[in-house]
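For the protein sequence lines, the chains are U and H, in the order given. Take 6 as the starting number for the first sequence in this note's numbering and just add one per residue. Take 6 as the starting number for the second sequence in this note's numbering and just add one per residue.
Think of the hints as simulated: they come from the structure by calculation, not from any bench. It should be emphasised that the depicted structure is a prediction, and the values quoted were computed from it without experimental measurement. Treat each hint with caution, since some may be false.
All copies of an identical chain are treated as equivalent in the list; a pair is satisfied when it fits inside any one copy or across any two copies.
[As the list claims (entries may be wrong)] Taking lysine-lysine pairs in the PhoX-like style, the calculated list, with each CA pair at most 20 Å apart, reads:
hint, residue 1, residue 2
1, Lys232, Lys38
2, Lys46, Lys32
3, Lys32, Lys107
4, Lys107, Lys153
Protein chains: 2
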Amino acid sequence: MNKEQLIKNIKAKKSFLCVGLDPDTSKMPESLKGDLFEFNKRIIDATADYAVAFKPNLAFYESQGLAGYKAFEDTINYIRSHYPDIFIIADAKRGDIGNTSKMYAHSFFEVMDVDALTVAPYMGEDSVTPFLGYDGKWVILLALTSNKGSQDFQFTTDNNGTPLFEKVLTKSQEWGNAGNMMYVVGATQGKMFENVRAIVPHHFLLVPGVGAQGGSLQEVAKYGITKECGLLVNSSRGIIHASKGADFDTVARAKARELQEEMAEILQNYGIIDAK
Amino acid sequence: MNKEQLIKNIKAKKSFLCVGLDPDTSKMPESLKGDLFEFNKRIIDATADYAVAFKPNLAFYESQGLAGYKAFEDTINYIRSHYPDIFIIADAKRGDIGNTSKMYAHSFFEVMDVDALTVAPYMGEDSVTPFLGYDGKWVILLALTSNKGSQDFQFTTDNNGTPLFEKVLTKSQEWGNAGNMMYVVGATQGKMFENVRAIVPHHFLLVPGVGAQGGSLQEVAKYGITKECGLLVNSSRGIIHASKGADFDTVARAKARELQEEMAEILQNYGIIDAK
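So here's chain U without its partners, still in its complex pose:
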C-alpha cells in the first residue's frame, strides 16, 4: 500500500489506530483452547471498522511452534481477503547482513505479502536496504522505542551531542524516503517527538506504548502529528486482552472505538479532516 492510499484510509475511517495482534494464550477465554487464529479472527472482525492497520508481533506466534507460525500466515491471509484496505505490519524487528536481509525481505514481502516490516538499525545500511526495493512495501525502522531499555543506547550522544536515535533518523534517509520508510517512536518518549519531527517532518511514525505501557495519545498528537496525520498509533494488550472472558471481542470493539473517537477528534482539531 502506498502513502496516498494509507492517508486516504485514515481520513475515511477517521482513525490512525493500529491494533497489535499479540495474542497471549494465558489471557484468552478458555473456550478458545489457545487457538491463536480463531482469537485473531474474532478480534479482526470486531475492530476492523475502527482500525487502519493490524500489527501481529511474530514472537507471540513463534512461541507456539509450528501451529503458531501457521496461525500467523492464516491471520495475514484472513486480513488480506476480508479487509483489503488494512495496512499489515509484521512486527519482527529483523535485520541481518545483506544476503540474509534479502531472504527476510523475500519471506515477508513475497511469500507472506505484508505491507511493512519492523527492522532494527544496529547493523546499518546493508541490513536495511534489501527491504526497500519493493513497490508499496515499507521498512519501519526502530528509532526511539517505548521501553525502559531505550535509555541504554538510543540516547548515547556522539561528539556533536547528537543522540544515537537522531543519527539513525538522519543516516537512514540516505537509504529510503517518506514513501518507503517509517520509524518506530514510542508514545512514552513525550516531547522527544519534537526532536524526531525536526529531522523527519514528513515520515509516518509507528507509535507503540499507548495504553498498557502508559503513553498519552494527546501528547503524541501534540508533538508528532503532521498535516497528513503521519502517525499510526498502536494498542495491543489494551484492546485485545481488555477482557479475558467470552466477551473479549465485544470489549475489544468498544476499546478500539473509544480510541478511534479520540483520534477523530484529534484529526478534526488539527484540520486533517473536516469537522462534523
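Using the hints, position chain H against chain U.
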C-alpha cells in the same frame, strides 16, 4: 550446554568450528528439490566430526514459509537426537520489549530447546534480560558485526570517545556474565578484537565472516583467542555451498575438515591442547 562442557568439546574435537546452516535453495543440487531438511541432514552428517556448533539462520527457513519453519524444527531435533554434544545456535537476531522478548525466550529455549540465540542490543536491558534466566542457555549479543553497515552506528563514539560497540560490551556485563552471554564480533574487524578482549577477556565470541566475507582465521586467533579458546568461528556458504553438485556433502566435509585442521594447529600453538 554450559561453558565447561563447550570447552571440553572444543578440546576433544580440536575444533572451534561452527557450521552455519543457511541453505539457499538456488545453490542446492536439483535432485534435492529445495528440501531444506534433507540438505541439512546430509550437511550435518558430513561435518559433525569437525564442528562443535551448528548455527541455522532463521531467515533461510522463514523464506520458505511454513515448510521452511518445519525444516528448521526438524533440523534442531535431528541434531539433538543424533549429535547431543553439538552446541546449537539459533541465529535470529531477536530483541523486543520485555514481555515480547520473554515470548521469544520461551519459543527458542523451551519450545525448541536450542542452546543459544543471537540478540540485537538496540532496545537495551529489558530486551535482553528475559533470555538470561535459563540454565545452560546463552544470549549471543551483537557487538561488532562483519558487514559493511557495521560502520554506520557501531563505531559512533560518545563524549568520552567510546564507540557504541564498546558501550554495548561494557553495559551488557551488568546483565549477564561469561557463563550465559557471548558476543558477535565479525572476523572482518581485524585488530578491533584487541579492543573487544580488553573489555571481555573471558567471554566466548561468535565470529562470522571467515570465508565468503573475507575474514582471516589466523588474524581472529591472533587477537581474539583466550586460554580457554573463547572463540566459535562460523563458516556458512564456504562450507555448505562449496559445491552445487550431488557431491555437496563430500565437499562440505572436506572444507570443514580443512578448517578444523587449521584450528587444531592454532589450539596447539596457543597451548590450549597438547601438541600431537
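#### Entry: Numbers of unmet hints, in rising order
1
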